[in-house]
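Got chain A sorted already, so can you dock chain B onto it with the hints?
Number of protein chains: 2
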Amino acid sequence: MKVAATVLETRDMIRKWKQEGLTIGLVPTMGFLHEGHASLIQKCREENDKVIVSVFLNPTQFGENEDLAAYPRDFERDMMLCEKMGADLIFHPEPEEMYQDSCTFVNITALSDNLCGKTRPTHFKGVCTVVSKLFNIVTPDNAYFGQKDAQQLAIIKKMVKDLNFDIRIVGCPIVREEDGLAKSSRNTYLNEEERSAALCLSKAVREGQRIISMGADSEKVLGPMREIIEKEPLAKIDYINVVDALTMHPVERIENPVLVAMAVYIGRTRLIDNFIYGEE
Amino acid sequence: MKVAATVLETRDMIRKWKQEGLTIGLVPTMGFLHEGHASLIQKCREENDKVIVSVFLNPTQFGENEDLAAYPRDFERDMMLCEKMGADLIFHPEPEEMYQDSCTFVNITALSDNLCGKTRPTHFKGVCTVVSKLFNIVTPDNAYFGQKDAQQLAIIKKMVKDLNFDIRIVGCPIVREEDGLAKSSRNTYLNEEERSAALCLSKAVREGQRIISMGADSEKVLGPMREIIEKEPLAKIDYINVVDALTMHPVERIENPVLVAMAVYIGRTRLIDNFIYGEE
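Listed in order, the protein sequences are those of chains A and B.
Position 200, counted from 1, in the first sequence is what the UniProt record's numbering calls 200; the numbers after and before it change by one each time, with no gaps.
Position 144, counted from 1, in the second sequence is what the UniProt record's numbering calls 144; the numbers after and before it change by one each time, with no gaps.
Some hints here could point you the wrong way.
Heads up, the list lumps identical chains together, so a pair's fine if it works in one copy or across two of them.
When the alpha-carbon atoms are kept at most 30 Å apart in a straight line, the in silico BS3-like pairs for lysine-lysine are as follows [as the list claims (entries may be wrong)]: (1) Lys18 to Lys157; (2) Lys16 to Lys231; (3) Lys43 to Lys84; (4) Lys43 to Lys183.
In case anyone wonders, no lab produced these hints; they're calculated from the structure.
Next up, chain A with everything else stripped away, as it sits in the complex (with noise of 0.2 Å):
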């Protein structure tokens, strides 16, 4: 496995691999990897011939107030991991290597304004540009995103689709503990009785999926699973909301498909949670 932390030298590498005709894929993270992020390195694995990871804490996808400074790293254990999946490259930039005096950004409307985008208005912002250019860096044939973040993911295959990127976008499954918490890198941040507390989220998915099976409308849905949260003390909602799959926009009947997603604050970490329902 090797590490590059130029834009040049991961464009060199990956450029004799498509002469020899190997399919890329890539896995973009912000690092401080767990087994979520080995989900959809493996997953890539199965699927391409090279597998690159880039990691690379996106400052531009941070809000003022939001926790850059505080994030997590671990490179060292990162690179374990990625070796271990079977990782050909990992792509490790500092910030300088990827923004000097850039001016240049993509964004989305439509999708970006409801949900996460409401709480966090630069954010999608960021995204949409980091990953444009992780995309023109590497080239992929194929790129791989968790359904945790869920607009996230509806967000890049809109791009994709709409900037004409000839790039396969692969979701893969959100992957939880043993008790039911989705893996997140922010769930470092929580102590012992946070820890506890943030079940709130999962027992809410998991209730929301048992009754919008009984083809509920979406305040059916929304009541009990506000509930379960609101009985938590440590818990504040940001947002729980049911929202077409495909535009990300509020709906009161279910009828297309759905994500019913969420985001909470369980002390001052903010957390989210989500499930699709009906076939994408």
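Just chain B now, with coordinates in the frame of chain A:
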């Protein structure tokens, strides 16, 4: 020479060429081609194995009160010119092929807030978005743009750098009529009287070039240029300015390479012209 109306056909052809190891050059145009475009195609022909000309009148780079509906078209003539200049493929999509419920855009700050960007505030967003799409569809090794649209050229170069497109951008000199008028599809709007009045732009350019080499500051260059244009009753200056050739920001003293650029209304037709001073 082939003509493709869809992204799919275009990609199929280009994929085959790439598999054969051939280099690809792209000349993006809005059609109604003239000798300026011909010079771009010629340069592209010299430097690449395969020459692709896109002919797409991009609606998103026109403002609401601009001349999209009136913009001249003659695809039959465009095809003949492309064939004559040795193009291998014309990509000629309908707007619906390019924009289906599209909500993603590429934008650039800093370089787009001045000059043409002031009068046409959404113009460069439309340009950056469509050029990104064309780059992703054609994936050229080299792409050719006219120096006549100097701000557009600077913006495309910056966008390519910022978003890590692996494409070399080639700027080509302004092509002029015998009497000096810069070639433009919009020259067709001019009646006889206006055509004659339009010479004030190139006259001002020549005067500016004469003065600037004497080491003057910006105001000393702009004064006599303005005078030439203001003497012409049919002409109305939109802007005329000396800007840094890279940042597009106004400069007072001429030290780094500068762009001296103007937009002038001749009757209702808005024409542009410019020159660069100091090597880039």
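These are the hints, each one checked on the structure:
no.	hint	result
1	Lys18 to Lys157	both (24 Å within a copy, 25 Å between copies)
2	Lys16 to Lys231	neither (57 Å within a copy, 61 Å between copies)
3	Lys43 to Lys84	within (14 Å within a copy, 49 Å between copies)
4	Lys43 to Lys183	within (17 Å within a copy, 54 Å between copies)
Hint compliance for this structure: hint 2 alone is broken.
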